[in-house]
Amino acid sequence: MKVVHVFFLLAAVFLCACQSNTSKSKVVSADSVHSDELNKGAFIQPGKSAGKISLGQNMQAVGNLLGEPDAGDAAMGKAWGIWYDKDSTAGERSEIAIYSSYADSTMMVKNVKQIRITNGTFKTKEGLGTGSSLTDFKAVYPDMEPRSEYLHTASGDTLRVYDSKSKGLATDIIRGTCTAITIHPSGVYANETYFTLDTNWKQIK
3 MKVVHVFFLL AAVFLCACQS NTSKSKVVSA DSVHSDELNK GAFIQPGKSA GKISLGQNMQ
63 AVGNLLGEPD AGDAAMGKAW GIWYDKDSTA GERSEIAIYS SYADSTMMVK NVKQIRITNG
123 TFKTKEGLGT GSSLTDFKAV YPDMEPRSEY LHTASGDTLR VYDSKSKGLA TDIIRGTCTA
183 ITIHPSGVYA NETYFTLDTN WKQIK
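Residue numbers are given in the numbering used here: position 19 of the sequence shown equals residue 21, and the series is strictly consecutive.
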């Protein structure tokens, strides 16, 4: 009988150890998934950052991360740099656009002033991103207000820019749906000079 008791005791200890290891494995797995998501650089922080790109970041560091921009425009010490995703098409561009200017009067260093993204993998902590509705954004950012309106002369689409000045996040809205998100410093409105890069966009309001 003692042998039987010892056997069951050892079996119980072994089972507990297995369960403990399984629990630990689950914790590690969850942490790994979380780390992978962060490594994808797809988290939007209004007024602060989009993924690994932050407001105030040195543009040289941005270049080290993203490489040379695919397109852009520069004048008077200010510039837009645009990077297209590999799966972008001419009809539907998935991109990150960065507005930069000199950090100070020495005109030695440029830093990030604004970040605009159309990639749907970027999300706020509430899960908002391109493809979300204007209603969804207003539920989270009740102070979001219309700032301007543009007409695309080729497609006929009307785009409205809504901005939460207090949070530092603006959205491009076409037919009630977000097509781009702009992260800018809180307390000021977004700079909309991006639209001058596409001559098809004409401001109507």
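The reader is advised that the hints may include incorrect statements.
Below are the DSS-like pairs computed for lysine-lysine, each with C-alpha atoms no more than 27 Å apart in a straight line [what the hints assert, rightly or not]:
#1 54 with 140
#2 204 with 54
#3 115 with 50
#4 125 with 167
#5 80 with 112
Label-pair ranges, simulated between beta-carbon atoms [unchecked claim]:
#6 158 with 105: 13 to 23 Å
#7 162 with 122: 12 to 22 Å
#8 106 with 193: 32 to 42 Å
#9 73 with 149: 22 to 32 Å
#10 122 with 144: 19 to 29 Å
#11 187 with 133: 23 to 33 Å
#12 58 with 78: 37 to 47 Å
#13 54 with 188: 18 to 28 Å
#14 47 with 141: 10 to 20 Å
No lab work stands behind these hints: they were computed from the structure.
All values derive from a computational prediction rather than experimental measurement.
Positions of the beta carbon are idealized from the N, C-alpha and C atoms, including for glycine.
Hints and how they fare:
Of the pairs offered as hints, the one joining residue 54 and residue 140 holds, with about 26 Å between alpha carbons and a cut-off of 27 Å not exceeded. With a C-alpha separation of about 32 Å, the suggested pairing of residue 204 with residue 54 is violated against the 27 Å cut-off. Straight-line distance between C-alpha atoms of residue 115 and residue 50 comes to about 10 Å, which keeps the hinted pair within the 27 Å bound. The suggested pairing of residue 125 with residue 167 holds, with an alpha-carbon distance near 19 Å, which does not exceed 27 Å.
Straight-line distance between C-alpha atoms of residue 80 and residue 112 comes to about 9 Å, which keeps the hinted pair within the 27 Å bound. Distance hint for residue 158 and residue 105: a CB-CB separation of about 41 Å, inconsistent with the stated range 13 to 23 Å. For the hinted restraint 12 to 22 Å between residue 162 and residue 122, the CB-CB distance of approximately 19 Å keeps it satisfied. The hinted range of 32 to 42 Å is not satisfied by residue 106 and residue 193, whose Cβ atoms lie roughly 18 Å apart.
Separated by about 24 Å at the C-beta atoms, residue 73 and residue 149 satisfy the suggested range of 22 to 32 Å. Taking 19 to 29 Å as the suggested C-beta distance range, the pair residue 122 and residue 144 conforms, at roughly 24 Å. As the Cβ distance of residue 187 to residue 133 is approximately 25 Å, the hint placing it in 23 to 33 Å holds. Between residue 58 and residue 78 the Cβ separation comes to about 20 Å, which falls outside the hinted range of 37 to 47 Å.
Checked against the given bound of 18 to 28 Å, the beta carbons of residue 54 and residue 188, roughly 20 Å apart, stay inside it. The hint said 10 to 20 Å for the Cβ distance between residue 47 and residue 141, and at roughly 18 Å that hint holds.
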